[in-house]
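Number of protein chains: 2
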Amino acid sequence: MVKIDPGRLMADLKRLRGFGATGPGVVRLALSPVDLASREWLVERMTAAGLDARIDGVGTVFGRSRNSGPALLIGSHTDTQPTGGWLDGALGVMYGIEIARALAENDATRHLAVDVASWIDEEGTFSSLLGSRSFIGDPVDESIRGATNRQGERLEDVLKAAGLAGRPRAHFEAGRQVAYLEPHIEQGGRLEAVGKSIGVVTTIVGLRDVRVRFTGQRNHAGTTPMAIRRDAGAALVAFITRMDDAFRQIADADTVWTVGRIDLDPGAMSVVPGAADMYLQFRDANVARLGAMEQKLVEMVRDFNAQHAVSVELQALDEPIDPVGMDAALAEHIARAAEAVAPGQWLRMPSGAAHDAQLIARCMPACMMFVPSIGGVSHDFVEDTAEEHIVLGCQVAATAAASILLKASADE
Amino acid sequence: MVKIDPGRLMADLKRLRGFGATGPGVVRLALSPVDLASREWLVERMTAAGLDARIDGVGTVFGRSRNSGPALLIGSHTDTQPTGGWLDGALGVMYGIEIARALAENDATRHLAVDVASWIDEEGTFSSLLGSRSFIGDPVDESIRGATNRQGERLEDVLKAAGLAGRPRAHFEAGRQVAYLEPHIEQGGRLEAVGKSIGVVTTIVGLRDVRVRFTGQRNHAGTTPMAIRRDAGAALVAFITRMDDAFRQIADADTVWTVGRIDLDPGAMSVVPGAADMYLQFRDANVARLGAMEQKLVEMVRDFNAQHAVSVELQALDEPIDPVGMDAALAEHIARAAEAVAPGQWLRMPSGAAHDAQLIARCMPACMMFVPSIGGVSHDFVEDTAEEHIVLGCQVAATAAASILLKASADE
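Chains as they are written, first to last, in numbering that gives the first Met the number 0: chain D, 0 to 411; chain A, 0 to 411.
Treat the hints as calculated values from the structure; they're not laboratory data. Note that the structure is a prediction, hence the values are computed from the model and not measured. Accuracy of the hints is not assured; some may be wrong.
[To be verified] Just the calculated beta-carbon pair ranges, DEER-fashion:
| id | chain 1 | residue 1 | chain 2 | residue 2 | range |
| --- | --- | --- | --- | --- | --- |
| 1 | A | I320 | D | V33 | 26 to 36 Å |
| 2 | D | A20 | A | D156 | 25 to 35 Å |
| 3 | A | D156 | D | D302 | 32 to 42 Å |
| 4 | D | K2 | A | L313 | 51 to 61 Å |
| 5 | A | G266 | D | G165 | 52 to 62 Å |
| 6 | D | N304 | A | E172 | 57 to 67 Å |
| 7 | A | A385 | D | R210 | 34 to 44 Å |
| 8 | A | R210 | D | E141 | 26 to 36 Å |
[Stated by the list, open to error] To list a few chain A residues with every Cβ distance to chain D over 12 Å, as calculated:
| id | residue |
| --- | --- |
| 9 | M9 |
| 10 | E185 |
| 11 | D317 |
The C-beta atom is built at its ideal place from N, Cα and C for all residues, glycine as well.
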């Protein structure tokens, strides 16, 4: 069996953490000076691992194996949220480099091709999932022209200043890359809750972002009797209560919905709110269930408008994101590897978060695997995973990678 | 019967509107240059009405009748909210001046003493109800030292710059002022809803301002199953629903409660809120009912904490304001005057808004009367009252004033 080197893996992960380390966490926003420095370092590490590595025209670090195909592409992202954890994304990229090294050190796997990618801007500092979108051939030039970060810097200018704007961009090579593997931290607490070490991802859930706007009548909170009020905030509360009941009828155990933000207007103690907005997100692995939830919202809005003095309006905030199924054959390779390395310590589960894999899946079979997040915490400086799980996850991924590539070679 | 002069009243109201007119509304923040200019003009109008008038050491315009007592004090305020209506407060002050003139023009009432006040800063640009607090002998110097407006200007500096800081302050004169009358716009929609023209105020309601804070666990909105969430926003919605049910059991038709503001933290689409605040205000004319509502909140918080994974904490935001009953004998004078001037067109009602009268009531019998607000709108540029109602209200107030003073003279 291919053996990864735990010490080498941990040392590289900790070196990467050094780029932007902030307390226990990391601030490494896409294309910031510290992120660009980390990308130069990634190129060095990939080169040392035997890959032909470079930063591409959008900022993705791409390391191409010098072996001929079929190739397994392993990747994730090394940019972070404004208050990022040290492993989110970074884990999958460093797994890729370690797996390339481990396979090269084993006579039975030395000939296999592993390409490694750190996709730029998964977290959306400028434009979410930019690197993977560019790789699969989405037209990203318009995104690049329009995108700015929170400080108002233009992505176009930042790419120019970094000397990247004119470079070639990494693209999917048909006939070479036969599968994509993205290892990642779970970012939730399911594995920990049931005491498992590896999650084999079945589906990346789809999601809908909507705003529900309530329009009533602003009034004096002292002089306006309850009976004649058109209180937009009270209507919002009533709507959420009904919606929770309705969604519980539709949901399964994996369905989630969240009201993450509520704005009452004008938002003063002595004023009956005349307008109110709720921002709702719901996610599910099943596109039919997402559709049923949308349909239920439309019905609720219609019924509410028929019954209430406060009017309600529903607005989609983003393009709907549909669930993306992971490749079943690849998942089976991971499941067998997990069972071999850590018998009984794995389970199949959906990914509740979005990942580059949902885009890469458009051009080749793709799969993901998770390691546990301590306390389920992510997008926070204190995000962490037990070292035992980090090492175990890499061994499972390496075993699966060898299995996937040996099967692909045999099939040729 | 004393007769007011409708043309003179309306002309003066419109002249006052000219100080700070903004579209149909008025911006005349306490002690702003335009407010100070309007106070000089008020002194002129009061002087022309025969009063001994001046701006006092806090900015209140006080016009003292040259007749000997017993005196009826008529007043309200001429400062406005940042988006003020033209009649809120101004109406009562101009009624006072018109009534002083009307009584002086009638042989039967010429000897009666009407003092008129425009209390400074009822609306709280610097310090709410400052003028009436100063008049009743509250120690206001500390308020004056600590108060600033939204622009950070210090009240102390503004009073100095206006040349007011060293002036004497108007104070209640025991043995002279025997009653206080404050006419005001209703600021609500009750009179309009039942087609009445005059409200005789029975009580100024008390109020409580509280914050209810929910503390749960911030989490990823995709990866955290509903079953293990500690969603502070969902807890807030559940709490409000229970509270509405509980308050409905306690309330009468005049009880009001308002959640005017809700803050979810961090307030993002993809994040389960870890903390949430609701700002609640409730008002009632009955202090026992206010106490029962407070007690119910305390019980609900206790029960919620016992049952929920999200913790709840209740905090009073201001000193409680208890209801203030208006003087029944004075109310009877107004009711008789209303019945004489506009038979069947009046009703008794509480004031849901706070007024200077609730403070003046601490040192002498006080009463209020309302005229209808079109659409119940106040604290808005479009606030208005039908001219017919403005004139009718002044005639009722003048008739009541004569009645109160003749009775007081007879009682001496």
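Each hint, compared with the structure:
Between I320/A and V33/D the beta carbons are some 54 Å apart, a value that contradicts the proposed interval 26 to 36 Å. Range check, A20/D to D156/A: about 49 Å between beta-carbon atoms, so the 25 to 35 Å window is missed. The hint said 32 to 42 Å for the Cβ distance between D156/A and D302/D, and at roughly 57 Å that hint is violated. In this structure the hint that K2/D and L313/A lie 51 to 61 Å apart at CB holds, the actual value being about 59 Å.
Remark: the range hint 52 to 62 Å for G266/A to G165/D is contradicted by a beta-carbon distance near 40 Å. Range check, N304/D to E172/A: about 59 Å between beta-carbon atoms, so the 57 to 67 Å window is met. Hint check: A385/A to R210/D, Cβ distance near 39 Å, so the stated range 34 to 44 Å holds. For the pair R210/A and E141/D, the supplied restraint of 26 to 36 Å is violated, since their beta-carbon distance comes to about 46 Å.
Residue-level check passed: M9/A sits 25 Å from the nearest beta carbon of chain D, beyond 12 Å. For E185/A, the condition that its CB be more than 12 Å from all CB atoms of chain D is violated, with the nearest at approximately 7 Å. With a least CB separation of 9 Å from chain D, D317/A falls inside the 12 Å interface cut-off, contrary to its annotation.
Taken one by one, the earlier hints fail for this structure at numbers 1, 2, 3, 5, 8, 10 and 11, listed in ascending order.
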